[in-house]
Each structure stands twice: as structure tokens, then as C-alpha cells.
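Trainee: The lines below spell out each chain.
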Amino acid sequence: MRKFFINIKQALFITITMFVLCGLIYPFAVTALAQGLFPHQANGSLLEIDGKEVGSELIGQSFSAPEYFWGRVSSINYNVYTEKDTIPDKDGQLNYSGVSSGTFNYAPSNPELKKRIEADIKKFLLANPTVERQDIPADLMTASGSGMDPHISVKAAQIQVDRIAQASGLSKEEIEKIINENTETRELGIFGENKVNVLKANLTIKKTMEKTQGE
Amino acid sequence: MWQIAIVIIIYLPLVILTGHYLFRVTLQQKTWLDPLLDKVDAAIYKICGIKKVDMTGKEYVLSLILSNAIMVLIGYILLRIQASLFLNPNNISNMEATLSFNTIISFMTNTNLQHYSGESGLSYLSQMVVIIFMMFTSAATGYAACMAFCRRLVAKTDTLGNFFIDFVRVTTRILMPISIVVAIILVFQGSPQTLSANKTVQTIEGKLQDIALGPVASLESIKHIGTNGGGFNGANSTTPFENPTVLSNIVEMLSMMLLPGACVVAFSLMVAYRKKKTIFGKQGLAIFAAMSILFLVGLVTVYIAEKAGNPIISELGITQELGSMEGKEMRFGVAQSALFTTVTTAFTTGSINNMHDTLTPIGGLVPMFNMMLNVVFGGKGVGLMNMMMYVLLTIFIACLMIGRTPQFLGKKIEEKEMKLIALCILIHPAIILLFSALAVATSSGIAGITNPGAHGLSQVLYEFASASANNGSGFEGLADNSTFWNVTTGLAMFFGRYLTIIIQLAIASLLAKKVWHSDSVGTLKTDNTTFTFLLVAIVLMIGALTFLPALALGPITEHLQLYS
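So the protein lines, in turn, are chains A and B.
Using my numbering, you'd call the opening residue of the first sequence number 24 and step up by one each time.
Using my numbering, you'd call the opening residue of the second sequence number 103 and step up by one each time.
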């Protein structure tokens with residue numbers, strides 16, 4: 024019996040020690056190191072325009088204006104909302120109830136998946152009359168896992184050039200150039216996929232438009 | 103395809119190196135971190151009143167369970183009162199009772215099944231002192247159990263090793279240093295590590311966006327090193343902050359593969375050490391090879407299935423060159439996603455970089471089957487113990503067929519051990535299948551299913567396979583935050599972890615006390631290629647016999663329907 028009590032005492036003390044070591048000292052130490060070594064990344068890789076934060080280079084955003092690139096489908100709308108969405112509507116429902124992440128979780132066989140993709144294709148074709156259905160890459164019509172995917176495939180960016188050119192007043196060459204500038208190629212040419220950062224590309228479009236209008 | 107091969111090639115030297123280090127840490131031999139860590143350890147032993155006395159198998163298990171129980175108690179209380187504590191800049195409220203029960207069991211058993219979403223369910227303090235704390239301690243517990251098991255297989259006595267010392271040494275010498283290095287790499291790649299509140303920014307379209315921050319990197323590293331798998335955010339490693347780039351993806355995969363593989367190497371060295379020094383002992387190599395075969399078969403299957411895409415999307419007339427992209431991230435694509443899926447379920451981590459619910463039926467069958475087998479490397483420490491059950495079973499069956507006395511490492515395998523081994527192997531499928539049956543037979547169970555048809559059954563099977571295998575990934579569509587799901591999966595995780603560990607250590611104790619016989623010409627060789635294939639065959643046969651009917655009703659039916 025005495026042995027049992029010693030055991031309990033050791034178990035209790037080891038719990039408390041580990042609690043302090045792993046739960047407090049470790050994360051605080053890593054925070055200090057991270058803030059010292061890589062403050063930009065440690066605070067969320069935020070992007071600024073004129074000193075105002077407009078997003079994070081790693082987190083996608085939803086865009087609906089025709090002069091901007093559109094990203095992938097998101098079940099949470101990239102946590103983007105308006106003031107109105109945080110006020111209950113007439114059914115008492117909130118359109119935005121706080122930050123989250125995730126996807127629709129539709130199985131490949133789920134009829135809802137087919138319905139959603141078909142509706143999105145129709146909407147996209149309507150907004151991009153020069154695009155043929157078979158040219159749409161699937162990544163643009165499928166939902167990302169996180170709901171915050173900052174990237175689209177290069178092809179998904181290219182099929183939006185006509186629409187953006189028309190709406191923004193920029194030339195197609197300028198937009199092609201913006202795509203190239205914001206394309207992240209495979210790491211070391213092998214790992215991952217070639218992709219375009221939507222928010223960064225759109226910030227470049229905004230800057231170029233302002234410059235053209237300013238002239 | 104190349105990117106997958108290269109990751110595996112990088113893995114091999116890393117795992118051998120870590121295995122040697124693990125071996126030295128376990129046997130308390132000299133390592134290069136000793137000058138610093140000996141002092142740290144000595145201080146911890148002094149505070150806790152730990153003496154360097156050897157324990158019997160029974161004492162060892164008792165210490166393991168006692169310390170885990172105290173941790174569960176403290177963690178549960180913290181979750182229930184988190185709203186009123188400090189470090190809660192996002193004003194998160196207290197966690198509900200059954201959800202807290204589920205969460206705390208989940209993290210203590212190294213499962214990390216999450217029925218909450220981190221960004222809305224936990225304060226920063228809870229993320230640190232409950233989640234990160236338990237990620238370290240549950241991994242250290244698994245390792246301690248495994249090393250106690252391995253030591254007993256090669257020893258001539260049952261009184262050896264001290265739980266608390268094993269537990270402390272693995273935390274300070276392995277988990278902590280590697281976690282710090284990996285965390286810094288992840289921050290460099292873009293994971294945030296801050297204690298300030300979430301940001302709200304104004305987008306260039308004039309709307310608002312919330313960006314969830316927090317001490318992500320410090321959780322992310324131990325989540326993979328300790329094969330835990332519970333994400334800081336709801337969507338786990340799919341989110342850009344938990345897994346910002348392809349490089350971070352590779353680092354995370356290697357992190358979770360490192361220690362389960364190293365356990366096998368360390369075991370091989372313990373066996374070989376009785377004779378001579380070597381890089382990779384033959385006995386361990388035979389087991390490592392068997393695990394690798396099962397792993398590679400699964401990997402190739404997922405890759406082919408996902409690359410083929412979803413026939414329903416092809417019917418809609420758009421181009422699917424990249425493969426099935428629903429639920430996947432653009433920066434990873436199909437190759438990195440397929441590899442991650444296989445790794446996270448083979449090494450029972452349970453983090454995800456794509457949504458498993460959206461995988462093609464065959465692509466989803468593989469991770470499910472990996473968890474049902476629960477021996478393809480497996481979680482930190484316990485995976486090797488599970489595989490050893492099959493090793494002993496294989497020896498027994500093979501020896502019966504050729505009429506020899508079953509013997510492993512000089513110890514005879516007799517009736518008592520065989521009964522326990524059979525029981526141990528049966529617990530896991532029993533938990534999965536019985537709970538699944540209960541779920542589909544009750545309305546509160548069915549209420550969680552969100553996908554129609556055969557896939558609905560897959561959701562249920564996956565959830566319990568994940569809980570019992572202490573994996574923690576999910577077919578996340580399942581609406582699992584209800585009393586039924588919280589309680590049933592909580593029990594599945596609890597039994598899947600502790601019953602198995604207790605029985606396995608009991609078997610090890612029995613073997614440790616036996617007289618050692620030297621090998622003769624009549625002894626079945628257990629360290630050659632024939633044995634490797636025999637082992638793979640037995641694992642697959644038992645797995646197929648147990649789970650094929652359920653799999654046929656779930657993913658296989660869905661596959662046939664998709665292609666009909």
C-alpha cells in the first residue's frame with residue numbers, strides 16, 4: 024500500500040512538471056524564438072497597402088468583382104463577410120457566425136456535389152462567355168479542403184483573362200504578365216504543383232489599374 | 103510520382119539515424135545532448151521524487167495508468183473552466199461536458215479525434231496546457247510502453263526499466279528537441295506563432311475577413327512528431343497556416359514517419375545487440391520490410407485512384423487533368439495529398455492535408471484499411487507492439503504447420519501467451535464492428551451521417567476505425583458532436599488504447615520470465631524474406647477476413663455505383 028502512495032505521488036508530480044515544461048515553457052520559448060527570427064511569418068504573413076492590412080499572403084479571399092481573379096469554391100466563403108452578415112436575418116440565421124475552416128465534405132457519389140458543380144459551371148460560363156466548358160479545370164469548380172486555399176492552377180487563371188481584361192481596362196498582355204509574376208512553380212521543379220496566388224495577383228491588378236487611371 | 107519516391111528515399115537514412123539515437127536513449131547510453139539534459143533530467147527526478155529503481159511489468163503498467171489518469175483529470179477541469187482563465191483573447195466559452203470527455207480521452211490516448219473546431223472551441227491557454235501538453239505526454243506514454251515491451255522480449259527477467267525515467271528521457275531528449283527544430287522550420291515556411299488575438303482585415307473589395315492566428319507552429323510540430331494529429335484549426339493541416347507550403351508538407355510527413363519507424367530500428371538493435379553491433383538488425387529488418395510492403399501497396403492504390411479523378415465530375419464536361427481535386431489543396435495536388443493520406447493513417451497520426459470524406463471510394467478505402475490493420479508502422483511505439491502480436495501469431499501458425507515448437511528470440515510461445523495474443527488481436531475489430539453496428543442501428547447514430555448511400559456507412563466505419571486505432575482523422579462530414587458520438591468514440595478510444603497496452607505488456611512479462619533456449623536447426627527462422635512475406639500474408643488474411651464484409655458494403659459498393 025505504501026508503494027502505491029509513492030506511485031501516486033510520483034505520478035502527480037510528473038504531471039505537474041510536464042504540464043509546466045510542455046504546456047508553458049515550450050510554447051513560450053518557441054514563440055520567443057519565432058518572433059525573434061521570423062516576425063513576418065510568425066504574425067500571419069500579412070499583406071499591407073498604404074499601411075493598412077488587406078489580408079494574408081497564405082490565406083485566400085473570395086472575390087466577386089469581374090476585374091479580379093476568382094479563387095476556388097469555399098464552404099466558408101474564406102471567412103469573408105460584411106457587417107450585415109453578422110446581424111441575424113429575418114429567420115434569425117447568421118450568415119457569418121465566426122471564424123472557421125473546412126469544406127462541404129461531399130462524397131464523390133453525393134448528388135449534392137454534382138448539383139453544386141453544375142451550378143457553378145453555369146455561373147462561370149455566364150460571366151466568362153469566351154470560355155468553353157471543356158476548358159474549365161476542375162480545381163476551379165471544386166472546393167478546397169481548408170476553405171482558404173490561396174491558389175488556383177495556372178490554367179484556371181488563364182481562362183479568366185478575357186473577362187478581367189474587359190472589366191479592368193488592362194490589356195491581355197498585362198494580365199498574362201501578372202499571372203506569370205504571381206505563379207509559384209513547383210519547389211525544385213519536382214514538389215507540388217504550379218499555381219497562381221489569387222490575392223497577390225489581384226493586388227497587382229488593383230495597383231496597375233490605379234496607375235493607369237492616374238496617368 | 104517522383105516527388106513521392108524522393109520523400110521516401112530521404113526518409114530511410116533519417117529513420118536509421120533516429121533509431122540508433124532512440125536505442126541509446128532507451129538503454130541510457132551516452133548521447134551528445136547529455137551534458138545539458140542530464141542536469142534537466144536530474145532536476146525533474148528530484149522534484150518528483152523519482153528513484154532509479156527497476157519496475158516489474160505490473161508496476162510499470164500501474165504507473166503508466168496512474169499518471170495518465172491524473173493528466174486526464176487536470177485536462178478535463180481546464181477545458182470546463184477555460185472561459186474564465188487567462189490567455190483567451192478570442193473569448194472562447196467553456197467546453198460542454200460530453201465534448202470535454204471525448205476531447206480529453208482523445209488526446210490522452212494519442213488519438214486526437216476532434217469533435218470541436220480549434221479556432222472556435224479552445225482558448226490559446228487550452229491549446230497550450232491541454233492540447234500541447236497531452237500531445238507530449240501521450241506520445242511519451244506510447245513510447246515508454248513500447249520500450250518496456252521490447253526490453254522484456256530480449257531480457258531474462260521481468261524487473262527492468264522505470265516508467266517515469268523512460269517517460270522523462272524520451273520527452274526531454276527526443277520529443278522536445280525535435281519539436282523545437284520542426285516548429286521553427288514551420289514558422290519559417292509561414293505558420294504563425296503568436297499570442298495575440300485573431301485579425302480582422304478589410305479586403306480590397308471592401309468586405310471584412312477574419313484571420314485566425316495563435317501559437318500554431320508549436321502545436322503543429324509535436325502534433326506530427328508525437329503522431330498525435332489534432333489540428334489547431336478545424337480543417338487541420340489542410341489550412342494554409344498549419345501547412346503553408348509543399349516544403350512544410352514534406353517536413354510534417356517526415357516528422358510523423360520518423361519515430362514509429364525508429365522504434366522498429368531501436369528494437370532491431372536491441373535484438374542484435376545481444377550478439378554484435380550493426381546498422382539495422384536482421385529481425386527488425388524483416389518486420390520493417392513487412393510494414394513497408396503494406397505501406398507501398400496502399401500508397402500506390404490511393405495515388406492511382408485519386409489521379410483517375412471522379413467520373414461524375416468528368417461527366418459534367420470539365421477537365422480533370424489534375425485528378426480529383428474536391429477537398430484537396432492546390433499547393434499539394436494529388437501526389438502530395440495521396441502520400442499524406444497514406445502516411446497519416448499508416449503511422450496513425452490522424453492529421454490530414456486533404457479531406458478524407460471527399461476521397462474517391464478506393465482512395466478512401468486505403469486509409470480506412472490501414473487503420474483497421476493498425477500495424478503498418480502504427481502510432482508512436484504502439485504500432486510496433488501491434489505488429490509484434492502478428493509476428494507471434496505468424497510464428498505460432500507457421501510452426502503448427504511444419505510441426506515445430508513455436509519459439510521467438512529464444513522464448514517458447516505457449517498456451518497462455520497465445521490466448522492473450524488472440525484476445526489482443528480481436529479487441530480492435532470487435533470495437534470497430536460492434537460500435538458501427540450500434541451506430542447504424544440507433545437513430546442517434548444515424549443522425550450523424552451526412553452523405554447518402556454506401557458512403558454513409560463508410561463514414562461510420564471510418565470514425566470507429568479511427569477511434570479504435572487511436573488515429574484521429576475522420577470522414578469529417580460526420581456530424582459527430584452529439585452525445586452519442588462523443589460517448590461511443592470516447593469509449594472506443596479508451597478501450598482501443600489501454601486494454602491493448604495492458605494485454606501486450608502482460609504478454610511481454612510472461613515471455614520475459616521464461617527460460618531462454620538457444621536456437622537449434624529445428625527453430626523457425628524469423629529474420630528472413632520468407633518470414634516477411636508470411637507475416638504480410640497473415641496480416642492481410644486476418645484483416646481481410648474480419649473487415650471485407652463491412653468494406654464491401656461501404657467503399658466497394660460506392661466505387662461500383664460510381665462506375666456503373
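There's no promise every hint is true.
Cross-link-like lysine-lysine pairs, in silico, DSBU-like; alpha carbons within 30 Å at most [stated by the list, open to error]: (1) K107/A to K132/B; (2) K113/A to K75/A; (3) K178/A to K137/A; (4) K146/A to K309/B; (5) K32/A to K309/B.
Worth flagging that the hints you see were computed from the coordinates, not collected in a lab.
Trainee: Are K32/A and K309/B close enough, with their CA atoms no more than 30 Å apart?
Mentor: violated, 56 Å
Trainee: Please verify whether K113/A and K75/A have alpha carbons no more than 30 Å apart.
Mentor: Distance of about 34 Å is beyond 30 Å: violated.
Trainee: Starting from K107/A, check that the Cα of K132/B is at most 30 Å away, please.
Mentor: Violated, at about 64 Å.
Trainee: Could you grab the alpha-carbon distance between K178/A and K137/A and see if it respects the 30 Å cut-off?
Mentor: holds, 22 Å
Trainee: Can the restraint linking K146/A and K309/B be considered satisfied, given a maximum Cα separation of 30 Å?
Mentor: holds, 22 Å
Violated hints, in rising order: 1, 2, 5; the structure is consistent with all others.
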